[in-house]
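K.L.:
One letter stands for each residue in the lines below.
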Amino acid sequence: MSDSTNTIETFANQEYKWGFVTDIEADAIPRGLNEDVIRLISAKKQEPEWLLDWRLKAYRHWQTMTEPTWANVHYPPIDYQDIIYYSSPKAKKDGPKSLDEVDPELLKTYEKLGIPLQERAILAGVAVDAVFDSVSVATTFKEKLKGLGIIFCSFSEAVREHPDLVRKYLGSVVPTSDNFFAALNSAVFSDGSFCYVPKGVRCPMELSTYFRINAKDTGQFERTLIVADEGAYVSYLEGCTAPMRDTNQLHAAVVELVALDNGQIKYSTVQNWYPGDKEGKGGIYNFVTKRGACRGVNSKISWTQVETGSAITWKYPSCLLIGDNSVGEFYSVALTNNWQQADTGTKMIHIGKNTTSTIVSKGISAGHGQNTYRGGVKILKSATGARNYSQCDSMLLGDQCGAHTFPYLEVKNTSSQVEHEASTSKIGEDQIFYCRQRGISTEDAVSMIVHGFCKEVFRELPMEFAVEAQKLLGVSLEGSVG
Amino acid sequence: MSLLEIKDLHATVGDREILKGIDLAVNAGEVHAIMGPNGSGKSTLAQVLAGRELYIVTAGAVTYDGKDLLAMAPEDRAREGIFLAFQYPVEIPGVSNMYFLKAALNTIRKTRGLEELDAFDFLNLVKEKMKLMEMDQALLNRPVNTGFSGGEKKRNEIFQMAVLEPRLAILDETDSGLDIDALRTVAGGVNALRGPERAMIVVTHYQRLLNYIVPDFVHVLSEGRIVKSGGKELALQLEESGYAALGIEDEEEAVGKV
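Protein sequences, first through last, are from chains D and A.
Position 385, counted from 1, in the first sequence is what numbering that gives the first Met the number 0 calls 384; the numbers after and before it change by one each time, with no gaps.
Position 160, counted from 1, in the second sequence is what numbering that gives the first Met the number 0 calls 159; the numbers after and before it change by one each time, with no gaps.
Keep in mind that the hints were calculated from the coordinates and are not lab data.
Cβ coordinates follow ideal geometry from the N, Cα and C atoms, glycine included.
Incorrect hints may have been included.
Straight-line alpha carbon distances no greater than 30 Å define the calculated BS3-like cross-link-like pairs of lysine-lysine that follow [stated by the list, open to error]:
| no. | chain 1 | residue 1 | chain 2 | residue 2 |
| --- | --- | --- | --- | --- |
| 1 | A | K66 | D | K470 |
| 2 | D | K454 | A | K109 |
| 3 | D | K470 | A | K109 |
| 4 | D | K145 | D | K167 |
| 5 | D | K145 | D | K56 |
Selected chain D positions facing chain A (Cβ under 7 Å, derived; list incomplete) [what the hints assert, rightly or not]:
| no. | residue |
| --- | --- |
| 6 | L395 |
| 7 | F405 |
| 8 | K470 |
Computed spacing ranges between beta-carbons, pair by pair [what the hints assert, rightly or not]:
| no. | chain 1 | residue 1 | chain 2 | residue 2 | range |
| --- | --- | --- | --- | --- | --- |
| 9 | A | E127 | D | R458 | 54 to 62 Å |
| 10 | D | K470 | A | N123 | 51 to 59 Å |
| 11 | D | P67 | A | N140 | 39 to 47 Å |
| 12 | D | H403 | A | I179 | 23 to 31 Å |
| 13 | A | E127 | D | D398 | 52 to 60 Å |
| 14 | D | H403 | A | G176 | 47 to 55 Å |
| 15 | A | S175 | D | K280 | 49 to 57 Å |
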């Protein structure tokens, strides 16, 4: 056993491989938050009056709210007046019009991360709307998508070019008053991605956005809005890696998805933000609100996430199953190592008839990591014939970490079915020895067993993401078991 | 020089000394049976040779192919050709048998300076070896040992051995839990692997297995020491008169005879 514990510790001692800071002149505003700051953000982005009013309304509501404390995570109080709420790479003229105009330093950063841009994007068949800090700097494949009537652009651009669509759907799934972090985001969000797939169109490629937090002490507040109109289909990938940092950084994004009749949205995330060092110093606070509304009949929203980064994760991608026969899915792998804490899960709210939801959650804890699954399944009276299946598995590496499960089930009719399965396992010393006796090193054995554990979730990821996710798990666990 | 040389080997688990001075030399091409009652140290010897860290070697030396075996990590021993067929094969949920074995084979091949096998060549090799073990191909795609019957697990061990082609195979109570048909198949698989380059140590409580895998040498282990060595006839003697005739206590003797 001692050997196994040692290796777990070695694993846990891995340094963050993707930490570097790009030296770019940032255009930042002073620390702190008040109505003037919000006006300034809105002005810098040349926003219409209605959006400023929307932000201000959110801000005023936020001031009446208190930070939630029910999550199973612990961190020192956040001073919201000590945060810089807006920063963008300094524009040379008025903003880059092509890749040639993009700061070469920035492109190098993406290169290091292996993000497919330019030719790589074409080879990989991925359209990238790259958000660097807060402003989108490059968008590829736009023309091709445009031909199909698909809108895929930065949020700011959507506000300028498609204000009616934005106004119609913004805040319709996550209202400004939804929760503390969502209200904050609504007040100060800087940019993000917008996607609209029109009636009957199947988006032919995986849409992808890479978010990065780069300027020091800049909270990043993205806003993402994806709409699949009737019969439309879109698969969206979100992936993140962040450079190394000393001070904690707040990240409070909001993602809203809307699927109309027969519309489908598949949303996949690989999250690898800086988790803090071995002693638990630094790391990103990831307080995200993600929610999808299956508004139409037979609509479907599927969330898949692989969460390996961040010091603290507070995240519950959820589905509102409003349309009859609509389907919600949540597939999750959450890994906590060293001193990371994750409180993550989902909410499935069944409103329409014969709605179904599936939850598969895999939590892996190593080092001193604490991993909490928190899931809510609510079947309203109107949701006759609704079905839910939840499976929630935890794996422990070593004996210093923890796994917690809080499933909440609420069923208000008699024709519905809810199933919940849970398991906890430990990578055993005997398993590791068995592998080693066959010539497989401890690290390979751990990664093999962990991948096996996560297979059901990885299967849901688009191909290129699945590969990346496997690598990421390997890197995040390197040196962790014996 | 022998392939494996064990000199005055002492090993403890916790504060109990299990092996109290083992001496044994095994040459390539030989099959040695280690017999003895429960608690005599048979399985401990097998585990120590494979490098299980639960057991602490307190004295003695083991050389394998001229190298200090005790200084090698378990995976390095495996890569150098030591294979342990486990008494209790371990379940690894989520990892397919096929994937597991391919990873094992390719690390071992790499150590031997051979090219790694691709999926096609591997599948061909595996199919051939499965026939030998009369194994159901469906087992390949199932997670390692997970939900296997006792017999399937033991077959799977020998099947792995057939694929990995070790230089020194240690079979730890491979016969336990097998019915007579399974025993015959498993023994057939083991016999097919006998050869001038390969040595085997067969650890067993009962003589039964040795009817099928005929050893060149038999050693009787009692209280952590080899108390008697001989040819295959020694096993037959034990079968007839029991461990008690050698002055060895065996609480399982009464039920043990098959």
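K.L.:
Each hint: holds or not?
P.N.:
For each hint, the structure was consulted:
For the proposed pair K66(A) and K470(D), the alpha carbon gap of about 36 Å is over 30 Å, so the pair is violated. The suggested pairing of K454(D) with K109(A) holds, with an alpha-carbon distance near 27 Å, which does not exceed 30 Å. Under the criterion of a C-alpha separation no larger than 30 Å, the hint pairing K470(D) with K109(A) is consistent with the structure, at around 22 Å. In summary, the hint linking K145(D) to K167(D) is supported, as the alpha carbons are separated by about 21 Å, within the 30 Å threshold.
Distance hint between K145(D) and K56(D) is unfulfilled; the C-alpha atoms sit about 34 Å from each other, more than 30 Å. Against a cut-off of 7 Å between C-beta atoms, the interface hint on L395(D) is violated, since the closest Cβ of chain A lies about 14 Å away. This hint is violated: F405(D) has a C-beta 24 Å from the nearest C-beta of chain A, more than the 7 Å allowed. Of the supplied interface hints, the one on K470(D) is violated, with its beta-carbon coming no nearer than about 16 Å to a beta-carbon of chain A, more than 7 Å.
Taking 54 to 62 Å as the suggested C-beta distance range, the pair E127(A) and R458(D) does not conform, at roughly 30 Å. Distance hint check: the CB atoms of K470(D) and N123(A) are about 29 Å apart, inconsistent with the given range 51 to 59 Å. The supplied range of 39 to 47 Å is met by P67(D) and N140(A), whose beta-carbon atoms lie about 45 Å from each other. H403(D) and I179(A) have their C-beta atoms about 50 Å apart, which leaves the hinted 23 to 31 Å range violated.
Our hint of 52 to 60 Å for E127(A) and D398(D) is violated, since their Cβ atoms are close to 43 Å apart. About 39 Å separates the C-beta atoms of H403(D) and G176(A), a value inconsistent with the hinted range of 47 to 55 Å. Roughly 53 Å separates the CB atoms of S175(A) and K280(D), a value that falls within the hinted 49 to 57 Å.
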